[in-house]
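Q: Protein sequence lines, in the order shown, are assigned to chains Z and V.
What the first sequence shows, in this note's numbering, is residues 1 to 113, in sequence order.
What the second sequence shows, in this note's numbering, is residues 1001 to 1110, in sequence order.
Heads up, some of the hints might be wrong.
Said to hold, decoys possible - Which bits of chain Z does chain V cover? Going by a derived footprint, with three or more residues having C-beta under 8 angstroms, they are:
| no. | region |
| --- | --- |
| 1 | 32-42 |
| 2 | 45-56 |
| 3 | 66-75 |
Unchecked claim - When the alpha-carbon atoms are kept at most 25 angstroms apart in a straight line, the in silico PhoX-like pairs for lysine-lysine are as follows:
| no. | chain 1 | residue 1 | chain 2 | residue 2 |
| --- | --- | --- | --- | --- |
| 4 | Z | K42 | V | K1009 |
| 5 | Z | K105 | Z | K42 |
| 6 | Z | K105 | Z | K68 |
| 7 | V | K1009 | Z | K105 |
| 8 | Z | K105 | Z | K1 |
| 9 | Z | K1 | Z | K68 |
If you're looking for bench data, these hints aren't it; they were derived computationally from the structure.
Backbone N, C-alpha and C fix where the C-beta goes; we use that ideal spot for every residue, glycine too.
Each chain, written out:
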Amino acid sequence: KQEVTQIPAALSVPEGENLVLNCSFTDSAIYNLQWFRQDPGKGLTSLLLIQSSQREQTSGRLNASLDKSSGRSTLYIAASQPGDSATYLCAGRRGGGADGLTFGKGTHLIIQP
Amino acid sequence: NAGVTQTPKFQVLKTGQSMTLQCAQDMNHEYMSWYRQDPGMGLRLIHYSVGAGITDQGEVPNGYNVSRSTTEDFPLRLLSAAPSQTSVYFCASKQGQGYTFGSGTRLTVV
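Using the sequences and the hints given, assemble the complete structure.
A: Laid out in structure tokens, this is it:
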């Protein structure tokens, strides 16, 4: 059974810093891995999706990497802004079926103005 | 607006009551799913559907029923609510690899 762990559970940094959020997974037979953002009282917004054949994906100030051999993914946020404050979730999907995503518990990120 | 619409946004039930959480999408996605989110835990899959007339169980299906009579709608039914079903429920649809989530239903069972 796939298990997804996110470290740290919470993070508070000053505005402008670059930061890294970590995600580890136990099943290397991962089909893809996604990073989501969740704002309080809201749904999830997809940020980046990395296929198992890819090493990284970039969108604006966000860069996500995937290392299947070590069971790790990272989300790099450059030049953080207060608007980046949210909970960030990573989720892995196994291939070969219609089963859903396995989520980590999330990292609660606060960017101090 | 295109996307996934969930109703109601908030609901309080008494133990033993039944209710249906509604989910509708207007993107013609074949795949739809329900998750629950509890404090200190990741989202967990309840049920999913790969198309009209087809449903299957996820990780935590007990106490919930689903049906999929149309592509657009995927309701989640609680037949006899229990306090353990207090949670935030999210509906999601998928086309290809990309998921679209609704804004959630916060359910409290007292």
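Q: For each hint, tell me whether it holds in the structure or not.
A: Do the hints match the structure? See the list:
no.: 1; hint: 32-42; result: holds (count 5)
no.: 2; hint: 45-56; result: holds (count 4)
no.: 3; hint: 66-75; result: violated (count 0)
no.: 4; hint: Z:K42 with V:K1009; result: holds (10 angstroms)
no.: 5; hint: Z:K105 with Z:K42; result: holds (16 angstroms)
no.: 6; hint: Z:K105 with Z:K68; result: holds (20 angstroms)
no.: 7; hint: V:K1009 with Z:K105; result: holds (22 angstroms)
no.: 8; hint: Z:K105 with Z:K1; result: holds (16 angstroms)
no.: 9; hint: Z:K1 with Z:K68; result: holds (16 angstroms)
The earlier numbered hint that this structure contradicts is number 3, and it is the only one.
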